[in-house]
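> Here the protein sequences come in this chain order: S and W.
Per the working numbering, residue 53 is the first one in the first sequence, and the count goes up by one each step.
Per the working numbering, residue 28 is the first one in the second sequence, and the count goes up by one each step.
Don't read these hints as lab results, they were simulated from the structure.
A couple of the hints might just be wrong.
As the list claims (entries may be wrong) - Below, in silico cross-link-like pairs of lysine-lysine (BS3-like), each with a Cα-Cα straight-line distance of 30 Å or less:
(1) W:30 with S:130
(2) S:130 with S:94
(3) S:130 with W:97
(4) W:30 with W:65
(5) S:94 with S:109
(6) W:65 with S:130
(7) S:135 with W:43
(8) W:97 with S:109
(9) S:130 with W:43
(10) W:30 with S:109
(11) W:65 with S:94
(12) W:43 with S:109
(13) S:94 with S:135
(14) S:135 with W:97
Stated by the list, open to error - Part of the chain S face toward chain W, derived, beta carbon under 8 Å:
(15) 85
(16) 97
(17) 108
(18) 113
(19) 130
(20) 131
(21) 135
(22) 143
(23) 151
(24) 152
(25) 154
(26) 157
What the hints assert, rightly or not - Residues from chain S that keep clear of chain W, each with C-beta distances beyond 12 Å, as calculated:
(27) 70
(28) 72
(29) 124
(30) 139
Glycine included, every Cβ here is placed at the ideal spot set by N, Cα and C.
What follows is the residue order along each chain.
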Amino acid sequence: EPEVTQTPSHQVTQMGQEVILRCVPISNHLYFYWYRQILGQKVEFLVSFYNNEISEKSEIFDDQFSVERPDGSNFTLKIRSTKLEDSAMYFCASGDGRELFFGEGSRLTVL
Amino acid sequence: AQKVTQAQTEISVVEKEDVTLDCVYETRDTTYYLFWYKQPPSGELVFLIRRNSFDEQNEISGRYSWNFQKSTSSFNFTITASQVVDSAVYFCALSEAVGGATNKLIFGTGTLLAVQP
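Isolated chain W (complex conformation) (with noise of 0.2 Å):
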């Protein structure tokens, strides 16, 4: 079975920080997507990136970074500087590939980010 665990129930970090949130994840599978959603006090999700079970590749985006590891089922995601707007709802998600496809996502429990100013 998959699931995603976001040992991280809560982090609370001043501005300009740097914060990393942590994702566990379980599948069998050998070809999987791997997600990060952002959803802000307003309650959309905002997604945030997409990522290819091949593809140990770290990214970086801006002020965000991930680093895939493969060997520990994790994929984590750092904001460099952290701001007062990057407060939100992270969810880390999981998907199985159907025909190469992303199919449904299962999501982590999330982590609530609090910056303070």
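For reference, chain S alone in the conformation it holds in the complex (with noise of 0.2 Å):
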């Protein structure tokens, strides 16, 4: 069964440093997301992304943060300087207009 795919299930970084969370959306689909979940806390909204651009971003996906589809099967996040509050489990997501499918999440540790 086709599925998203994630890489690094887990990264440790120090502040400032920048981090870049990958992946894999299932082949068909045309919308992809990313979402944040801090620690035992909702999962929120980040980022949605579609026809090559971003279609929609929340208050917190600020100056930050970046995605991109460099290559038409990844997409990326990009944190360009870490803080601690963005320690986190980021999950991507694609979608086929119907369900959204998610990745099984990379844990960002910002020390």
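Put the two chains together into one complex; each comes in its own frame, and the hints tell you how they fit.
Below is the structure:
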């Protein structure tokens, strides 16, 4: 069964470092998303991406964040200069217009 | 603005009991979608159901059933004869329909279900 894959599963980084989280969506999907879940809290929308551009972003998605689909298959989330409060599980999702399928998440720990 | 409320933070039941997880939503849209996801201790988000706002029929899938009541803006989830493997956090989510397609999901705060043997 097709699935969304995310790498790395866990990354530990120092505050101020750049981090890139990678996602391979399901191949025939057109809608891509990043969500964040701080430990013990709800899942929060960060950004949606459609037709090779950002379609919507939340207040959380500030200038520190960027997304790219560099090669037509990968979908990346970059955090330019990480802060302690960026520590969270980051979920990538892809959708076919009906359902959203989530990856297993990338846990980011900022020290 | 869209909002999803899951008032039950934690529920603990004994195996084989039935349990209902509540979900109340707010939206100004006339067309929207409602979802339930399961997040087991391993952390992934597992899709359970998607419901269209025009379809108020209740749905049953094995031990799972969902009751959608537009009049009370609720989309409750019942697990019949609960099992230890049902222990997880359950999230209700809402999406506006953009051009008929599912848009971003707005999640509730989740309900932690603990099923004791």
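> Please go over all the hints and tell whether each is borne out by the structure.
Do the hints match the structure? See the list:
A threshold of 30 Å between alpha carbons decides the hint, and for residue 30 of chain W with residue 130 of chain S the separation of about 28 Å falls inside it, so the pair holds. A threshold of 30 Å between alpha carbons decides the hint, and for residue 130 of chain S with residue 94 of chain S the separation of about 21 Å falls inside it, so the pair holds. Of the supplied pair hints, the one linking residue 130 of chain S and residue 97 of chain W is violated, its CA atoms being roughly 40 Å apart against a limit of 30 Å. Proposed proximity of residue 30 of chain W and residue 65 of chain W is supported: the alpha carbons are some 19 Å apart, at most 30 Å.
The hinted pair formed by residue 94 of chain S and residue 109 of chain S meets the criterion: a straight-line CA distance of about 17 Å does not exceed 30 Å. Restraint check for residue 65 of chain W and residue 130 of chain S: satisfied, since their Cα atoms lie roughly 27 Å apart, inside the 30 Å limit. Restraint check: the Cα-Cα separation between residue 135 of chain S and residue 43 of chain W comes to about 45 Å, which exceeds 30 Å; the hinted pair is violated. A C-alpha spacing of about 28 Å is found between residue 97 of chain W and residue 109 of chain S, which places the hinted pair at or below 30 Å, so the restraint holds.
At roughly 45 Å between alpha-carbon atoms, residue 130 of chain S and residue 43 of chain W are farther apart than 30 Å, so this suggested pair is violated. The straight-line distance between the Cα atoms of residue 30 of chain W and residue 109 of chain S is roughly 17 Å, inside the 30 Å bound, and the hint therefore holds. With a C-alpha separation of about 12 Å, the suggested pair residue 65 of chain W and residue 94 of chain S falls inside the 30 Å cut-off, and the hint holds. Annotation: proposed proximity of residue 43 of chain W to residue 109 of chain S is violated, straight-line Cα distance about 43 Å (limit 30 Å).
Between the alpha carbons of residue 94 of chain S and residue 135 of chain S the distance comes to roughly 20 Å, so the proposed pair stays at or under 30 Å and holds. Only pairs whose Cα atoms come within 30 Å are accepted, and residue 135 of chain S paired with residue 97 of chain W is rejected, the gap being roughly 42 Å. Evaluation of the residue 85 of chain S hint against chain W yields a held restraint, the C-beta minimum of about 6 Å falling below 8 Å. Restraint check, residue 97 of chain S versus chain W: the minimum CB separation of about 5 Å is within 8 Å; hint holds.
Hint on residue 108 of chain S holds. Least Cβ distance to chain W is approximately 6 Å, under the 8 Å limit. With a cut of 8 Å, the hint placing residue 113 of chain S at the interface with chain W is violated, because the nearest CB-to-CB distance is about 11 Å. Given hint, residue 130 of chain S at the interface with chain W, is violated; its Cβ is 20 Å from that chain's nearest Cβ, farther than 8 Å. Interface restraint check for residue 131 of chain S: the shortest CB-CB distance to chain W comes to about 20 Å, outside 8 Å, so the restraint is violated.
Taken as an interface hint, residue 135 of chain S does not check out: its beta carbon lies about 22 Å from the nearest beta carbon of chain W, beyond 8 Å. Hint status for residue 143 of chain S: holds, given a least beta-carbon distance of 6 Å to chain W, under 8 Å. Because the smallest distance between the Cβ of residue 151 of chain S and any Cβ of chain W comes to about 6 Å, under 8 Å, the interface hint for this residue holds. At about 6 Å, the closest approach between the beta carbon of residue 152 of chain S and any beta carbon in chain W falls short of 8 Å, and the interface hint on this residue holds.
For residue 154 of chain S, the shortest C-beta to C-beta distance to chain W is roughly 4 Å, which falls under 8 Å, so the interface hint holds. Annotation: residue 157 of chain S was flagged as interfacial toward chain W, and the flag holds, the nearest CB pair being 6 Å apart, inside 8 Å. Against chain W, the non-interface label of residue 70 of chain S holds: every CB pair exceeds 12 Å, the least being about 24 Å. The Cβ of residue 72 of chain S sits about 20 Å from the closest Cβ of chain W, beyond the 12 Å cut-off, so the non-interface label holds.
The Cβ of residue 124 of chain S sits about 21 Å from the closest Cβ of chain W, beyond the 12 Å cut-off, so the non-interface label holds. Non-interface call for residue 139 of chain S relative to chain W: holds, since the shortest CB-CB distance, roughly 14 Å, exceeds 12 Å.
In this structure, the earlier hints numbered 3, 7, 9, 12, 14, 18, 19, 20, 21 are contradicted, and the remaining ones agree with it.
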